[in-house]
Amino acid sequence: MIHLTRARRLSVLALALTLLLAGDPPPAHAQGGPVTLNLVSWSYGVEIVRDNVAKFQQRYPGVTVNYSDFSWGTYHDAMVARFVGRTPTDVLYASDHWLQEWAAAGWIIPIDEPFPQVRQYLAEYSPFVREALTYKGRIYGTPYYADTFIFVYNADHLQRAGISAPPSTLEELTRQAEAIKAKGIAEFPIVLGWGQQDPFSIESFTSLVFAQRNGSLFDKDFNPVFKTPGSAADKVVTWAADALGGKKIMSPTSLQAANLDQIRSLQSGAATFGIVPSYTLAVLNDPGQTQLAGKFKIALMPGETRATVGFIRFYAISAQVPRRGKDAMTAAWSFLDYFGGKIDGEYRITKRWSLDKGLGFAQTALFADKEIRAAFGKWADVDMLQKQAQLARAKDGMTPYYGTWDVYSRAELHKAYLGQQKPAETLANMARKWEELKAKEK
Amino acid sequence: MTPERCYPYATVLPVLVVVALFTVYPLLYSAHLSVHENVLTRPLDHDFVGLQNFREVVTGYYFWRSLWSTAVFAAMAVAAVALYGLGTALLLNQALLGSALLNVVVLLPWAIPTVISGIIWRWIFDGDYGVLNGLLLVTGVVKRYVPWMSQPFTARLCMVVAHVWKQGPLASVFLVAALQVIPPALYDAAHIDGAGRWRAFRFVTLPYLKPTLGLVLIYETIVAIATFDLVYVMTGGGPADATAIIGWYAYTEIFRFLNLGHGAALALILGVMLLGLVMIYLRAFRAEDAT
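Respectively, the protein sequence lines represent chains E and Z.
Residue 380 is where the first sequence starts when you use our numbering, and the numbers rise one by one after that.
Residue 1431 is where the second sequence starts when you use our numbering, and the numbers rise one by one after that.
So that you can see chain Z by itself, here it is in the shape it has in the complex (with noise of 0.2 angstroms):
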């Protein structure tokens, strides 16, 4: 083989040996453990099961519940996500004063690491001494401090908040980027012939944006899905089980059952979930873009 021809071959080899190790190697090692008998507190039994974990995890406990609250979690998220960084990114994209101080508020929460902002927010939220109650009470919305984190259905809202506050900016980035590449002209043209903002966005931001939103939608999908670390330091699932949604229960099976099995299984689950669900999404932006 001549130098040229090894070239190509060469320099993806690197890249190649990378992506192997890191996402081939532990993605066939799961499906190992996931045909397996795999617990951690019986060392010496590892047969071969078939896909008796598969069936174990689907008629499992917490299955059906947990998909419909990871169903119910992300349709909130990636909504508010989406509609967030919308938002934010339209006032961004304005030449406001001050803007640039908004750019850093706005974009901070990005810098925290998940973990920390859920701990912040464990606080905000707390029904004891949280400042959100504090607020509220001073300003007499509310007359009793109100345990949110307590109740199944604002224990998700308070999760949905923390979420968005912390994905948000990405979004945010995302749509700032897209905006900033519209050309001045077609606003000009829609004023002249007479569209108002809400006809201008409509037709000439939207559609510039519907790729973009696009991508937005399909990343905080998975994100929102695939969610755990919030869980883990926010409710650890509760109240009754309320916040536990699948990714929760991907770790749950691996670091509290020790069911490396399940848990493999469950994992693998969740991504052909989300190849679906990206699928979907892919083909209807397709579709969109055809008619």
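If we strip away everything but chain E, and leave its shape as in the complex, we get (with noise of 0.2 angstroms):
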């Protein structure tokens, strides 16, 4: 055991004190004691986000967080293992594909309950985003960004073939493309990211289902309306098997194809319509990429409605935050409300995604902001952008089993792509699957 004179034990006090004294006082947004999150994205802007991140801190200094990220498509499996291996995981980049399988699971807390403040956000979003952002009536987090999946064609390639218009139909789509084939401007007109195993492929499908007429997969029971002869899916999967098949006017690289490689396919300038997020168009135009920057143009989604998907990623907070008691709680909303709502009374992170990445936004006013305008009018037609985004529905089906269906329904759409089946057996097959989740869910 130490001993220490009385001499030494007033030093020691004192030296507690002055240490103690010496600490900053609490700010005006300090948190009940010091708490550290644990940040986890996947591995878009990450320069960004610590920025943000390293703000956010000073803005709460009793608020540290620690950042890792993932790739995008490795994303939701690491984030699984993290939740079922209880990695400390506090707040989270989530998607709306996987919100029901995550909040079924128990991973993601509705945030509405302990933070009703979120509410008097609901109103400036996007119908879309309302809905994406629900599970059984509760709200599971704040937008990091939302954004529609659209239509790009090079205008360069259409002006070589003597089409004046972009596509409004896929039958369209399929004669200009058969014309610019025909000329030599490309083999392949069509690419599109379509590869089994990128999470966008089954959205830029639906897409294309949302444009035609009756586009939809599902009824409001999440019965599979898909299978029905004649029905959106069935016209959308008969034209790509022909388009691949038969025409030769879509890329077989589709087949192989994340939304990057569809990038440099359309940026080298080997195709000339895509399907992508709209956020992409800023980086197909962007100078320091290629040559063809400011030729992709974005049209309305081809079919009769013209409508499309819109998705939103956001954050939200982990089910291991709760029983880290109220301070990681309150700091965790912090962090939501910084990230995804209004600091000083304007959305500053989204607004920042928005000029500098070119990401879409939850809030449809963002499209009246003038600089934001200003910074999409350097690679979009921003009208063109906010009509598509009205036209914007989220996916439908959106259940804890759709990530189980979505990973099947890739292989056999490739099925009827490629051949092997026809797209009516596809569908049946989509439909049989979707029936037998549906039955063990209940």
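To be clear, the hints were calculated from the coordinates, so they are not data collected in a lab.
For glycine and all other residues, C-beta sits at the position ideal for the given N, C-alpha and C.
Possibly wrong hints are sitting among the right ones.
What the hints assert, rightly or not - Pulled a few chain Z residues facing chain E out of the computed Cβ check, cut under 7 angstroms:
{"no.": "1", "residue": "Leu-1470"}
{"no.": "2", "residue": "Gln-1482"}
{"no.": "3", "residue": "Asp-1558"}
{"no.": "4", "residue": "Met-1579"}
{"no.": "5", "residue": "Gly-1667"}
{"no.": "6", "residue": "Pro-1669"}
{"no.": "7", "residue": "Phe-1685"}
{"no.": "8", "residue": "Arg-1686"}
{"no.": "9", "residue": "Ala-1714"}
Claimed, not checked - Sample of chain Z residues lacking proximity to chain E, with all beta carbon distances greater than 10 angstroms (derived):
{"no.": "10", "residue": "Arg-1435"}
{"no.": "11", "residue": "Val-1469"}
{"no.": "12", "residue": "Trp-1540"}
{"no.": "13", "residue": "Ile-1546"}
{"no.": "14", "residue": "Val-1572"}
{"no.": "15", "residue": "Ile-1622"}
{"no.": "16", "residue": "Phe-1633"}
{"no.": "17", "residue": "Ile-1684"}
{"no.": "18", "residue": "Ile-1710"}
Assembly of the complex is requested from the two constituent chains, each provided in isolation within its own frame, with the hints serving as guidance.
Below you can see the structure in the form of structure tokens.
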């Protein structure tokens, strides 16, 4: 045991007091006590995330954020491993694709009960965002970004082929692609990111379905309507199989391509038409990346309704946080509010992503923001972007088993595209799988 | 108990604990999972279901198809790795000029993680900007870029090439080691008896390599059947599930379908299949040794 003299005890006490007083007084925004938040995201704009985190920590000095990221393609699986292994994870990126799955598993928590103030933002969101953020009537996060799948084309290719306007239906798309192929401008004018490994592939497919007449995959009771002969899905699958194997106007690489591969194919001039998340148009028209910058334009999704998929990526709070106590919960909400809500009256972080990276937003009013219009105007027709966003719908069939069905369906769709089975067979198999999963869920 | 009698138990105990912790416990836990309902999106349902998970896996949409894909992939991969290993081992065993450099070139892929090598090969085979297509186009072998990984057959071949590149060096190392212990006097005797290079290989080299080749075949069969990382990085099982081999589905059941019960059942089926294959190999080698 250490024995201290009276003088030494006083010195130690004085030192302790000095250290205590030397620390910063708690600022206006500080929490109850020091809290560490573990943030997990997919790898995109990592430097911006780090900078935003640094600013957040300045504003909330009691909160320290440990940041880690995983690639987009592996993010879902990495997060499943983290959740199951109970790796410390407090705030995280999530997608509407997995919301029902993760909520049903109890990995993320609804935030509108502990933090009802989140509801103040809802009125400002696009309808598809509100729907996509909701599971069983509860809100699960604040938006990181919200975007739509858009149809893009190389205007130079169209001009060289003597085509005056982009296609407005699938039939027109076929005719234009055939004309471009016939003139030797592009051997495979259409390229899509339909690789089996890409989580975007089902969203891109669904966009085309939504654009057709009666374009839905499921009804409101989650019954698959796509299996009906002549359905919108039937039309899209039949068209794709013909474009790939029959008319050979769709690049065979579409079946191995992820979004990035599709971008490279378009930027190289090898293809004319593609379906991409709208922020990708900023990349396509980036002069630092391609000599074809400025040639890529947006058109409404080809089909009778011109509708498309609107999707949301959001900040969520993991179920580990409530177990850590009130301070951790308050810190987590501060994070969600800072990153996905308003700072001093404006959506500062959301706007930064839009200005720096061209990411879309949940808040419809931001389409009127002068800075955003100026920034987006450098790479897109902003009015057309807005028009397509207004026609966007959240994916239907959003259930805890949607992810399982998606993985199954990607392979089934490939079989139809490759001519291994008829489109009707593919759609019947997809419907059977859906019914099987739905029955198990009950 | 005397210290002398305790000593062997005390020395073996730490190893037993480690083995129990990292092998026996996971195995038992997998067995437990496989007979219970365990779907992560239904966290409150963990009923005992007996062999239901096994039945559902075996009658599932992918099982027989993926088993066939696995057999095709394993047959091509194991044969190719063995031949590549043998060929490079024979080459490395010669005292050639620059053999040290050759050693490095042959062994380098072994040091590269599978995921990285998968990414490299994915780029090489890319149908739009892959190096292979560029090379073949420049040399006039093809007239236009070939989408190697968009067609089921060529996608399987791409996987095999990537697998051989990664796994071949290990086979080489084993076989070089075996080659180096063959007494040179045997080759001298064979030449005196009038044996050419082929007969010397057939009657001297090959019998000496047989035990090591057996080891290589067993190990490579296990590795090929249990492969999932290459699929994960290169194809995601596509196109149309052509490269979705059974190891990939064990992963998919757990991480994509979130069904731990199915995943564990499939992993156990896979384990039993591998055990059966290893036993068949061992019996075949023993039978040949006896003749």
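Checked hints:
1. Leu-1470: 5 angstroms, holds
2. Gln-1482: At 12 angstroms from the nearest chain E Cβ, Z:Gln-1482 fails the 7 angstroms test, so the hint is violated.
3. Asp-1558: 5 angstroms, holds
4. Met-1579: 4 angstroms, holds
5. Gly-1667: At about 6 angstroms, which falls below the 7 angstroms cut-off, the nearest Cβ of chain E leaves the hint on Z:Gly-1667 intact, so it holds.
6. Pro-1669: 4 angstroms, holds
7. Phe-1685: 4 angstroms, holds
8. Arg-1686: Interface hint status for Z:Arg-1686: holds (5 angstroms vs cutoff 7 angstroms).
9. Ala-1714: Because about 36 angstroms separates Z:Ala-1714 from the closest Cβ in chain E, which is outside the 7 angstroms limit, the hint is violated.
10. Arg-1435: The claim holds: Z:Arg-1435 sits with its nearest Cβ about 42 angstroms from chain E, beyond 10 angstroms.
11. Val-1469: 8 angstroms, violated
12. Trp-1540: At about 24 angstroms from chain E, Z:Trp-1540 clears the 10 angstroms cut-off, so the statement holds.
13. Ile-1546: For Z:Ile-1546, whose nearest Cβ neighbour in chain E is about 13 angstroms away, the distance exceeds 10 angstroms, so it holds.
14. Val-1572: The claim stands: Z:Val-1572 keeps its Cβ more than 10 angstroms from every Cβ of chain E (closest is about 13 angstroms).
15. Ile-1622: Fine: 57 angstroms to the nearest Cβ keeps Z:Ile-1622 off the interface.
16. Phe-1633: 47 angstroms, holds
17. Ile-1684: 8 angstroms, violated
18. Ile-1710: 31 angstroms, holds
When each numbered hint is compared with the structure, violations occur for hints 2, 9, 11 and 17.
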